[in-house]
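Each residue of the sequence shown is one higher than the one before, starting from 1 at the first, in UniProt numbering.
It is possible that part of the hints are untrue.
Derived pair list, reagent style EDC-like, types lysine to aspartate or glutamate, alpha-carbon separation capped at 20 Å [what the hints assert, rightly or not]:
(1) LYS185 x GLU195
(2) LYS161 x ASP128
(3) LYS52 x GLU75
(4) LYS133 x ASP123
(5) LYS133 x GLU75
(6) LYS161 x ASP129
(7) LYS74 x GLU108
(8) LYS52 x ASP129
(9) LYS161 x GLU179
(10) LYS52 x GLU86
(11) LYS74 x GLU86
(12) LYS74 x ASP129
(13) LYS161 x GLU177
(14) LYS161 x ASP123
(15) LYS74 x ASP96
(16) LYS133 x ASP172
(17) LYS74 x GLU109
DEER-style ranges, computed between Cβ atoms [claimed, not checked]:
(18) ALA136 x LYS186: 22 to 32 Å
(19) GLY141 x ALA68: 27 to 37 Å
(20) PHE98 x ASP172: 23 to 33 Å
(21) MET78 x LYS161: 18 to 28 Å
(22) GLN41 x ASP129: 37 to 47 Å
(23) GLU75 x GLN41: 26 to 36 Å
(24) PRO194 x GLU109: 17 to 27 Å
(25) GLN135 x ASP96: 16 to 26 Å
(26) GLY99 x GLU183: 31 to 41 Å
(27) LYS186 x GLY141: 19 to 29 Å
(28) ASP129 x GLU86: 17 to 27 Å
(29) PRO194 x GLY71: 38 to 48 Å
(30) ALA37 x ASN180: 16 to 26 Å
No wet-lab data here; the hints were simulated from the structure. For glycine and all other residues, C-beta sits at the position ideal for the given N, C-alpha and C.
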Amino acid sequence: MKMVLLGMLLWGQWAMPVQAFAEDAEEQPARQQSMNASYRQQLLALADADQKIRAEIRGAVTAQQLQANQGAAKEMAMRLVASQRENQAALSRLIDQFGFPDIPSVGEEGAHAGFLIAQHSTDRAFRDDFLQKMQAAAQRGAYSTADLALFIDRNLIMSGKPQRYGTQRRADGSLFELENPAELKKRRAEAGLPEEEDSVRGH
């Protein structure tokens, strides 16, 4: 795993958007009745495990220390990749069993948990397939357009391409390269992202 990729997966930041769900709040009770609570809980547990290993690594070593110690970087990368593969395999099994985790099936938190696990995968084929399903769900109002934009940007950056919505930041807070910066404001508005990036969080 390249150092820039390891750094992004551990310390990368993005703008915290206001959640942009296409559905009306009045539809929430009906959605909750059809939600698969067991599926949701399993997704939340996977996402919790995904975040914990990152917190452990970030607490044990700094980005600067990894940059200076390639041996430590390799060890951390192996731990991270092993965890991601386990989580991806578990997510794949859940999707095979229950279907894609959109908002109607697992709720907003469950859908976001599935997104967190998938966007940390280093398997491009898996990410591309998950992205297609996200896009289809968003088109029918069953997925957060903000999470979709974040996933698109993460997928582009991990594929060595410029990001589209300006959501992905390096550990030092600087934005990764942008696709057609002049159109950024318009693209963010279309995705339901705020115009100003006044809050960031690590993932």
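Tested hints:
1. LYS185 x GLU195: With a Cα-Cα distance of about 6 Å, the restraint between LYS185 and GLU195 holds, given a limit of 20 Å.
2. LYS161 x ASP128: holds, 14 Å
3. LYS52 x GLU75: holds, 17 Å
4. LYS133 x ASP123: holds, 16 Å
5. LYS133 x GLU75: Since the Cα atoms of LYS133 and GLU75 sit roughly 33 Å apart, the hinted pair is violated (cutoff 20 Å).
6. LYS161 x ASP129: holds, 18 Å
7. LYS74 x GLU108: violated, 35 Å
8. LYS52 x ASP129: Answer violated: LYS52 to ASP129 is near 26 Å, above 20 Å.
9. LYS161 x GLU179: Holds, at about 8 Å.
10. LYS52 x GLU86: Holds: LYS52 and GLU86 sit about 14 Å apart, inside 20 Å.
11. LYS74 x GLU86: Cα-Cα ~18 Å, so holds.
12. LYS74 x ASP129: violated, 28 Å
13. LYS161 x GLU177: Status holds; Cα separation ~8 Å.
14. LYS161 x ASP123: Within the cut-off at roughly 16 Å; holds.
15. LYS74 x ASP96: violated, 32 Å
16. LYS133 x ASP172: This hinted pair is violated, its Cα atoms lying about 32 Å apart.
17. LYS74 x GLU109: violated, 33 Å
18. ALA136 x LYS186: 22 to 32 Å: holds, 23 Å
19. GLY141 x ALA68: 27 to 37 Å: Because 48 Å falls outside the window, the suggested range is violated.
20. PHE98 x ASP172: 23 to 33 Å: violated, 40 Å
21. MET78 x LYS161: 18 to 28 Å: holds, 26 Å
22. GLN41 x ASP129: 37 to 47 Å: Given about 24 Å between the Cβ atoms, the range is violated.
23. GLU75 x GLN41: 26 to 36 Å: Hint holds: Cβ distance 32 Å, inside 26 to 36 Å.
24. PRO194 x GLU109: 17 to 27 Å: For GLU109 against PRO194, whose Cβ atoms are near 21 Å apart, the range 17 to 27 Å holds.
25. GLN135 x ASP96: 16 to 26 Å: holds, 20 Å
26. GLY99 x GLU183: 31 to 41 Å: holds, 35 Å
27. LYS186 x GLY141: 19 to 29 Å: holds, 21 Å
28. ASP129 x GLU86: 17 to 27 Å: Holds - the Cβ-Cβ distance for ASP129 and GLU86, about 18 Å, lies within 17 to 27 Å.
29. PRO194 x GLY71: 38 to 48 Å: holds, 41 Å
30. ALA37 x ASN180: 16 to 26 Å: violated, 43 Å
When each numbered hint is compared with the structure, violations occur for hints 5, 7, 8, 12, 15, 16, 17, 19, 20, 22, 30.
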